[in-house]
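> Residue numbers (the numbering used here), protein chains in the order written: chain V, 194 to 451; chain S, 7 to 432.
Read the hints as simulated data drawn from the structure, not as lab findings.
Treat the hints with caution; some may be incorrect.
[What the hints assert, rightly or not] Covered stretches of chain S (chain V as the covering partner; in silico rule of three or more C-beta atoms under 8 Å from a C-beta of chain V):
| no. | stretch |
| --- | --- |
| 1 | 200-206 |
| 2 | 371-382 |
[To be verified] The following residues of chain V were derived to be distant from chain S, with all beta-carbon distances above 12 Å:
| no. | residue |
| --- | --- |
| 3 | Lys211 |
| 4 | Gly257 |
| 5 | Glu267 |
| 6 | Asp309 |
| 7 | Asp327 |
| 8 | Lys329 |
| 9 | Asp337 |
| 10 | Arg383 |
| 11 | Gln388 |
| 12 | Arg399 |
| 13 | Gln416 |
| 14 | Val418 |
Predicted, not measured: the structure shown is a model, and the values here were computed from it.
Glycine residues also receive a C-beta, built at the ideal position from the N, C-alpha and C atoms.
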Amino acid sequence: MLKIENLHVEVDGKEILKGLTLEVNPGEIHAVMGPNGAGKSTLGNVLAGRDGFEVTAGSIRFLGEDLLTLSPDERAIAGLFLAFQYPVAIPGVNNAYFLRTALNAQRTARGEPELDAMGFLKLAREQAGILDMDDKLLQRAVNDGFSGGEKKRNEILQMAILEPKLAVLDETDSGLDIDALRIVSQGVNRLRDPQRSMIVITHYQRLLDHIVPDVVHVLADGQIVASGDKSLAMKLEKEGYAWLKATKTASEALTLAS
Amino acid sequence: MTALLNKLMHANESMNIDVGVGVEKLRQEAQKKVLQYGLPTLRDERWKYTSLKLLERREYPDSTDFDEAAAIQQANKIIGDLPSAGLVIFVGECCLLSLAPEWADSLSMLLSDASTGGQQALTADALVQDSSSDGFIWLNLTRATTGLIFNLPVDKSIEKPLHVVYLNQSNAQAWYLRHHWKLAGNSKLTIMEHQYYSGAGLGNIYRSIELGENSELNWLTVQQTGSEFVLLQHNHIQQQHNSLCKQLNLDLGARLARQETRVQLAEPEAGYRYAGLLLGQQRQHQDQHVQVNHEAVNCSSQQSYRTVLGGHARGVVNTAAKVATGADGSDVQQNTASMLLSNTAEMDAKPELEIYADEVVASHGATIGQLDEDAMFYLRSRGLNMDLARQMLVGGFVSNIVETIEADELRAYTEVLVRQQLEQML
Numbered sequence: 194m195l196k197i198e199n200l201h202v203e204v205d206g207k208e209i210l211k212g213l214t215l216e217v218n219p220g221e222i223h224a225v226m227g228p229n230g231a232g233k234s235t236l237g238n239v240l241a242g243r244d245g246f247e248v249t250a251g252s253i254r255f256l257g258e259d260l261l262t263l264s265p266d267e268r269a270i271a272g273l274f275l276a277f278q279y280p281v282a283i284p285g286v287n288n289a290y291f292l293r294t295a296l297n298a299q300r301t302a303r304g305e306p307e308l309d310a311m312g313f314l315k316l317a318r319e320q321a322g323i324l325d326m327d328d329k330l331l332q333r334a335v336n337d338g339f340s341g342g343e344k345k346r347n348e349i350l351q352m353a354i355l356e357p358k359l360a361v362l363d364e365t366d367s368g369l370d371i372d373a374l375r376i377v378s379q380g381v382n383r384l385r386d387p388q389r390s391m392i393v394i395t396h397y398q399r400l401l402d403h404i405v406p407d408v409v410h411v412l413a414d415g416q417i418v419a420s421g422d423k424s425l426a427m428k429l430e431k432e433g434y435a436w437l438k439a440t441k442t443a444s445e446a447l448t449l450a451s
Numbered sequence: 007m008t009a010l011l012n013k014l015m016h017a018n019e020s021m022n023i024d025v026g027v028g029v030e031k032l033r034q035e036a037q038k039k040v041l042q043y044g045l046p047t048l049r050d051e052r053w054k055y056t057s058l059k060l061l062e063r064r065e066y067p068d069s070t071d072f073d074e075a076a077a078i079q080q081a082n083k084i085i086g087d088l089p090s091a092g093l094v095i096f097v098g099e100c101c102l103l104s105l106a107p108e109w110a111d112s113l114s115m116l117l118s119d120a121s122t123g124g125q126q127a128l129t130a131d132a133l134v135q136d137s138s139s140d141g142f143i144w145l146n147l148t149r150a151t152t153g154l155i156f157n158l159p160v161d162k163s164i165e166k167p168l169h170v171v172y173l174n175q176s177n178a179q180a181w182y183l184r185h186h187w188k189l190a191g192n193s194k195l196t197i198m199e200h201q202y203y204s205g206a207g208l209g210n211i212y213r214s215i216e217l218g219e220n221s222e223l224n225w226l227t228v229q230q231t232g233s234e235f236v237l238l239q240h241n242h243i244q245q246q247h248n249s250l251c252k253q254l255n256l257d258l259g260a261r262l263a264r265q266e267t268r269v270q271l272a273e274p275e276a277g278y279r280y281a282g283l284l285l286g287q288q289r290q291h292q293d294q295h296v297q298v299n300h301e302a303v304n305c306s307s308q309q310s311y312r313t314v315l316g317g318h319a320r321g322v323v324n325t326a327a328k329v330a331t332g333a334d335g336s337d338v339q340q341n342t343a344s345m346l347l348s349n350t351a352e353m354d355a356k357p358e359l360e361i362y363a364d365e366v367v368a369s370h371g372a373t374i375g376q377l378d379e380d381a382m383f384y385l386r387s388r389g390l391n392m393d394l395a396r397q398m399l400v401g402g403f404v405s406n407i408v409e410t411i412e413a414d415e416l417r418a419y420t421e422v423l424v425r426q427q428l429e430q431m432l
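Could you build all of it, start to finish, from the sequences and the hints given here?
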């Protein structure tokens with residue numbers, strides 16, 4: 194599904210990702226954890242194709258295609274979805290209209306028939322219901338005046354409607370209280386599918402109690418420094434990222450010694 | 007400038023008709039004022055953003071050719087199936103009417119017409135006592151012979167809009183129109199103006215509007231004249247107790263469009279709402295000035311503008327409000343937001359508040375920005391291509407202006423016009 198090899202990324206001339214390698218197979222959920230400034234959000238933004246993130250070396254292949262040659266909209270149409278850490282408010286643009294336009298842009302590009310307004314509204318209401326999201330938010334301007342929790346639900350609603358092949362959830366848990374976290378996680382879990390992969394970027398282990406990953410990666414200083422199963426997340430939670438630094442230094446020392 | 011004044015004072019003389027002794031006297035007075043003040047220049051505060059050089063270079067030949075059938079066909083095409091209580095078509099300075107029965111006896115076209123109030127209207131013209139030093143206003147009075155003149159009776163309420171269509175069939179002429187709209191107490195009216203001039207002509211339109219006690223005017227203007235046309239407009243609105251004027255302007259066309267509106271909230275509880283949308287591209291120059299004078303207690307005024315400029319377009323928005331001593335309880339709101347789509351577009355926003363009363367709520371704000379890159383990325387990350395994303399963002403930016411139109415059909419109609427214009431610009 195996704196193959197990232199030796200990815201180097203600069204932002205404003207400063208190297209943030211320093212040789213990141215990651216492979217995600219269909220149906221897998223990968224968690225990417227790491228301390229502040231490790232490059233977690235950079236990874237999400239590079240995958241979605243945001244300007245200002247310059248890839249200086251390495252490659253990203255998505256479903257066999259070179260992802261880096263695609264524009265952000267082409268990536269979305271290819272099946273990539275980024276749930277934003279900070280969803281953007283767009284005053285004056287009706288949420289339902291925006292989502293329907295997005296869905297139909299993707300459908301048209303894939304040669305599928307468009308969904309009409311009635312059909313779309315039925316789908317959107319159904320999905321909003323599952324996320325315990327007020328119907329009225331569909332008729333408001335996109336994220337405008339939404340609470341933190343409402344914005345995050347709106348991201349997952351978009352994901353449910355757009356049905357991506359690979360979803361990148363960038364700190365979806367931030368700003369959510371315990372109940373909202375549970376509902377949003379349930380929404381995400383419903384979208385688990387043997388053909389759909391997810392990368393869950395998070396700072397804390399608590400999200401992973403709800404969305405159980407197949408693989409946990411630790412990102413530090415622009416590289417994946419450790420990978421393992423869910424127990425790795427537990428260990429991080431218990432011992433903190435300081436443990437990681439110690440380990441890294443020890444392994445470097447070991448490498449040097451050998 | 008004298009050369010231009012000379013050209014304009016004698017333009018279209020063949021249209022001159024006998025206006026009667028009373029009006030002729032007024033015209034002579036006005037002519038003296040024109041010569042006294044001359045035409046405005048960049049040194050005049052209100053004209054400092056708008057040069058008349060373009061007008062100086064042009065000639066304004068006479069023409070009275072007029073194809074009635076073609077004009078009616080064109081006007082009907084513009085209005086389509088909008089609800090209508092009547093249609094008034096101005097082809098240059100010639101006029102055609104098609105009215106619903108409720109308009110009988112209350113409407114006239116000739117300023118010289120004594121029987122239907124044209125002469126009285128002109129004699130009572132607020133400007134005659136007014137000390138405006140804008141030469142174009144006086145020039146209008148010396149030259150205009152036609153206009154839409156009515157006196158809507160007490161308690162009369164006409165639900166469907168009266169449509170006024172402005173056209174021309176000759177390429178480069180100068181036209182003068184002078185309207186007098188009077189709404190008596192408790193009356194209510196919707197006017198929708200459609201300005202579709204073309205060619206390299208000059209339109210000079212003056213409107214005097216009087217709103218009686220508890221009356222309400224909904225006034226919507228779509229200005230979509232051709233890309234070489236120059237349109238200069240002045241409005242003078244006087245409002246009595248508890249009257250309401252809702253004005254909406256869509257400036258989508260013209261090479262140079264300038265409109266100046268002065269509003270007198272002369273009695274308590276009068277309200278004025280202005281919503282304006284300027285969409286400029288290429289070398290368009292659009293200049294809007296609104297001056298609201300709060301002269302009595304508990305009056306309110308709102309001015310709201312959205313401007314989107316691309317190419318080498320230039321926009322000017324001057325919102326001004328003056329609250330007189332003793333006009334307590336006034337509520338004044340102004341906001342202007344502008345979006346520039348190119349590095350060569352230019353916007354001048356000038357909010358002004360002048361307050362002499364003690365108990366006043368007033369706010370003003372002006373922002374000028376570009377397309378929000380974060381928002382663009384957000385939309386594109388959901389599969390919208392660059393063009394769709396831009397259209398959606400800009401459409402959202404201007405949406406709150408069109409949304410102020412209450413009547414569904416009129417709102418839907420204007421939404422289509424705005425969308426078409428934005429598609430062209432983006």
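> Compare the structure with each hint and give your call.
Going through the hints against the structure:
no. : hint    : result
1   : 200-206 : violated (count 0)
2   : 371-382 : holds (count 4)
3   : Lys211  : holds (24 Å)
4   : Gly257  : holds (20 Å)
5   : Glu267  : violated (9 Å)
6   : Asp309  : holds (18 Å)
7   : Asp327  : holds (21 Å)
8   : Lys329  : holds (17 Å)
9   : Asp337  : violated (9 Å)
10  : Arg383  : holds (20 Å)
11  : Gln388  : holds (19 Å)
12  : Arg399  : holds (26 Å)
13  : Gln416  : holds (25 Å)
14  : Val418  : holds (28 Å)
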